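Start from the sequences, fold in the hints, and give me the full structure.
When we follow the working numbering, the leftmost residue of the sequence shown carries the number 1, and every step to the right adds one.
Some hints here could point you the wrong way.
[Stated by the list, open to error] Result set (DSS-like, lysine-lysine): computed pairs, CA atoms no more than 27 Å apart in a straight line:
id, residue 1, residue 2
1, Lys235, Lys170
2, Lys569, Lys520
3, Lys406, Lys468
[Said to hold, decoys possible] Distance ranges between label pairs, derived from CB positions:
id, residue 1, residue 2, range
4, Lys630, Phe416, 49 to 57 Å
5, Ser551, Val740, 43 to 51 Å
6, Asp203, Ile487, 51 to 59 Å
7, Ile487, Asn526, 23 to 31 Å
8, Thr242, Gly294, 20 to 28 Å
9, Ala547, Pro49, 53 to 61 Å
10, Gly752, Phe416, 50 to 58 Å
11, Lys630, Ser551, 28 to 36 Å
12, Ile487, Ala989, 53 to 61 Å
13, Gly835, Gly693, 37 to 45 Å
14, Pro979, Met643, 47 to 55 Å
15, Asn584, Gly741, 48 to 56 Å
16, His718, Asp774, 23 to 31 Å
17, Arg977, Asn768, 43 to 51 Å
Derived from the structure by calculation, the hints contain no laboratory data. Fair warning: this is a prediction, and the values are worked out from it, not measured in the lab. Every residue gets a Cβ at the ideal spot worked out from N, C-alpha and C, and that includes glycine.
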Amino acid sequence: MTSKIVYWWLLILFIVNGWWCCYCCWKEERTALLQLKENINYTGGSYLPSWVANETSDCCQWEGIVCSNTTRRVGELAITVKKISQEEQLRTNGTNTDDMLKNWLFNASLFIPFKNLKALLLPGHSLAGWAKNEGFEKLRQLGKLEILDLSGNQFNRSIFQSLSQLSSLKSLNLSHNNIGSGSDIWFTHNKIGSGSERLSGLDKLEILDLSDNNLDDENLLSALELNTSRTALKKLDIRYNTFRSFIPNEELGALRNIEYLLLDGNTLDENFLRSSGVMSSLKVLSVANCMLNGILPLQGNSRYKRAARCTKLCYARAGKGQTTRVCCTQSYPAFLQEVVSTARTHDLLVTWQQLYELRQGSPSNFKHSIHQIILYTTNLLVHFIGLCDLKYLEELSLSGNSFTGKLPTCLGNLTFLRVFDLTINQFTGNIASSPLSSLLSLEYLLLANNNFEIPISFESFANHSKLKFVTADYNSVIVQTSSKSWIPKFQLEVLSLNNCSQMPSFLHYQRRLRLLRLSKCNIGGNFPNWLLENNPRLADVLLDGNAFTGSLELPLLPDLKAFDISNNKIQGQLPPNIGSIFPNLVISTMSNNMLEGMLPSSFGDMKDLAVLDLSYNKLIGDLPIGLARKGSKLNFLRLSYNMLKGEIFLISANINNLEYLYLDRNNFSGPTPQKLSTAPLITLDLSYNNLSGNVPAWLGNIPSLTSLALSRNHLKGHIPPDYCRLEGLEVLDLSDNNLVGVIPSCFNSSLGLKRVYLSKNKLQGEFNMFSNTDLKVLDLRDNNFSGSIPKWLGSTLEITTLLLKGNRLQGTIPTQLCHASNLRILDLSHNNLSGPIPHCLGSLMQIEGISEAYPYSSSFGYSGFQTFGGDTLINIESSIESSSTIFFLDNYAWVGAEFTTKYNTYSYEGSIVDYMSGIDLSCNQLSGEIPKELSNLTEIRALNLSHNHITGTILSEFSKLQNIESLDLSYNNLTGRIPSQLVELTTLAIFSVAHNNLTGRTPQRTSQFATFTESSYEGNPFLCGPPLHNNCMETKEIPISPRALDCCEDDTGFLDMESFSISFLVAYANVVLVVVVVLCVNPYWRNVWFYFVESFMYSCYYFFASKM
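Put into structure tokens, the structure is as follows:
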């Protein structure tokens, strides 16, 4: 009895102990994990906090550990990247991942204790290599290791040699390692690769990811050894390398089991798609951005299908210890299908002579596997099966290439296709009659940036019940009358169209839209509030450029993140409760409408609002107090071109995240608020307001400023030297204020200034401090600067615009200025410059196509917060993003120039300034003849040399200035005839040679010269012919020395002051004489005159007497 009791107790203890052990990790593995943690050199504080040396702690529950449910052995070990908090990011210079692990040396011995390890995941650590003799090849002792993830590190090509010994691997991820760059920045004991290593011996490998590694081999076979008879590879990702080809087309049969093939960003053979059908198991194929072009090649040449019966083509088949010879007795295609079927189950080597005798002169000792021989020698199978024969294909991306023509009808064979990305090509044809209408399994149809014809009705897709995503921007949308009313079976989640001219009728049946873009369609009519109300899940609404009218009656959309209704004609006031209607709004642009009333303070209730653009409306009143309240994330605020008034941001405003602020062209008044110094501003534009006081010196305390515009206000004082601390400042605009004094000398080359606008002030002195090689625009017009033009301007090779008009500059025009080869606009008028015009000015403007990017007012795109394509392998996210991006266009307020031409001053802003080129040297004391080299300025549009002392003749070579629009040579001492060749200037709108001493007949009145009036030629007494009234038959004496004017007169003046003075005096004397004669001759008028004089005298007397 006692023995039975003991037995039962022992059994109970055994069971309990067994149960406990089944649910805890093994002690030796816990110890190994703790040793591994100790080896990780993490300097940023605690890491893997759940890994503790506590006997009661189950390591199977630790972070990154997965144990077997039966043995409790560690089966998966993942040491993932730690996300860094914002505070840590500031401490680590902005990194958001644990790059502090880059000092960790991999030690293979630390992983050997995990005998049952199947998956080892070490992504994104920027691993520093491995300890001596502890490389990855040592992991071959882990015979069960199947999954290895080393993505996001810094391994070089020598890693291939180490990994080639891990024959048990089924999945290997080496993406984002820059293997091809040969980088060994962080490496210590691992050897530098020779550049020829390749992965080999991985016959069990099913998944291989080599994407984003900058591999630039001839083809994949230079980096990966394929066992053509036994390869198990099912998924291959080599996206965004620089392979010069994939693999030879005759070798594609080695990938007969491949299911997922991602080749984006590499160079492919032009026949790849024609040969791709041999990979008959393919489900996903992506060849985006592979530089493919031409008509889409889908099938091989049909002559192979009609091949005659074959002879002397045999192969050897091994079995049961003997080799059987099988020869072709059928047609080629049938024989090849038999060979392929055999090759899938046999690994045979046969001689060249046995297999193929059609090609003469081939080496008799050439050997290959059966499958390779057939493909290599005949090419029959490769050309017989094309892309259209991939009947199991589910995802296909051809985006970012240059394909042309219509979609082949055989694409209709791809009945399982659910994702089709054709964006950014040049395909043509009507999609209603294309094979797309028969692909009923389609879910993603991405057609943007092509030349398709898109019927607005979309009726041909009425039965596509699975269709969810359609992007068709930048195609030709056509209006077709529907034959009958129809109800679509699909419920779209994404729709993106532009230039569609009318509202698609099927939208009345949609209820699940998440992203809606109808951009630049010019639809007209009232704003479609119903469309928003029918789709409560909307997160992105982009309805810009549609000429919508009416008012906003917005429904509650709690998921809305982006709202763009810019460039419409929407009227009325904004809903005062807009903050509760769109509580999670992040970006809103409602610019270029006709919105009125006050700016709702409920914008402050949008806790995530980052971008708000309400420019070009009719908003009035003050800035709401609650617009930027505590916790505000407002980053971009543009309220330009409204009628807002009052002060800018009260002291209670929270603008700690504000980087871009545009409040220009309003009626804000008072001093510039010092509250702005608390914002990390990059761009600040307060121009065209009524701000007063001194130029705010405290702006020099905002080190992030790159663009500052305070023009057209009432600011006074000196330019603060504090601005010299703004080392990142690129644009400074203080023009049209009341600034005095000199420019601070600290504005030297140490600053990065590229554009300086200081015109229309009262600044004086010299401006040698701007000797900056990066300077692009210098505008100092209408000030009191003196001295000579600095020679250093010739060293500013990037300068495109130099405006020095209306100062007191003296001396000659320096020839060094000709070295500024990019100079396109030069205005030196209204100064006291003397001497001849430099001949080298003719070398300017010789660089064609000068065009700049304009980053000076915020220009960026918003691509949405939603994620699409989670159920796809090809990268469709970028294709959908391109259709959902909100671009914030520059207002180009600081990238421009004011230049006088055609008797008017024009403001050239933004990209328009690239197309303007002109030289104005008028109203100086220049002398000498016109240099012939000026006729080389073939790109020039305006040339003004008027009001100088220029002599000589007008150049006949000016006829080469085929782009010139204004040519003013008036008020000089030019002689001779007007060249008849000038009538070839067909673009000329303004022409003046008035007030010179020209002779002969005026140019023939044809083309543009038929439009010029007498004022273009007046002041030349010896000119004749229309439109002048001088008869060319009369002879007049030609003076030897013409009269020279001493002063500069306005080109637009209509009075000759000398003639006016003489005429006035003569007329005045005549009037006085007539009055005297009348009074003497006529007694009645004499009495009336004396009576009037007497009455006037008495009136004056009584007036002054009453005041005393």
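Each hint tested on the structure:
1. Lys235 to Lys170: The hint holds at about 10 Å.
2. Lys569 to Lys520: Holds - the C-alpha atoms of Lys520 and Lys569 are around 13 Å apart, at most 27 Å.
3. Lys406 to Lys468: 24 Å, holds
4. Lys630 to Phe416: 49 to 57 Å: 55 Å, holds
5. Ser551 to Val740: 43 to 51 Å: 50 Å, holds
6. Asp203 to Ile487: 51 to 59 Å: 55 Å, holds
7. Ile487 to Asn526: 23 to 31 Å: Given range 23 to 31 Å: holds, Cβ gap about 24 Å.
8. Thr242 to Gly294: 20 to 28 Å: Given a distance of about 22 Å, which is inside 20 to 28 Å, the answer is holds.
9. Ala547 to Pro49: 53 to 61 Å: Taking Cβ atoms as reference, Ala547 and Pro49 lie about 59 Å apart, which means the hint holds.
10. Gly752 to Phe416: 50 to 58 Å: 57 Å, holds
11. Lys630 to Ser551: 28 to 36 Å: Between Lys630 and Ser551, where Cβ atoms are some 32 Å apart, the hint holds.
12. Ile487 to Ala989: 53 to 61 Å: For Ile487 and Ala989 the Cβ distance comes to about 59 Å; the hint holds.
13. Gly835 to Gly693: 37 to 45 Å: Distance hint for Gly835, Gly693 holds at roughly 44 Å.
14. Pro979 to Met643: 47 to 55 Å: 54 Å, holds
15. Asn584 to Gly741: 48 to 56 Å: With Cβ atoms ~51 Å apart, the hint holds.
16. His718 to Asp774: 23 to 31 Å: 25 Å, holds
17. Arg977 to Asn768: 43 to 51 Å: Taking Cβ atoms as reference, Arg977 and Asn768 lie about 45 Å apart, which means the hint holds.
Figure legend: structure checked against the earlier numbered hints; every hint is met.
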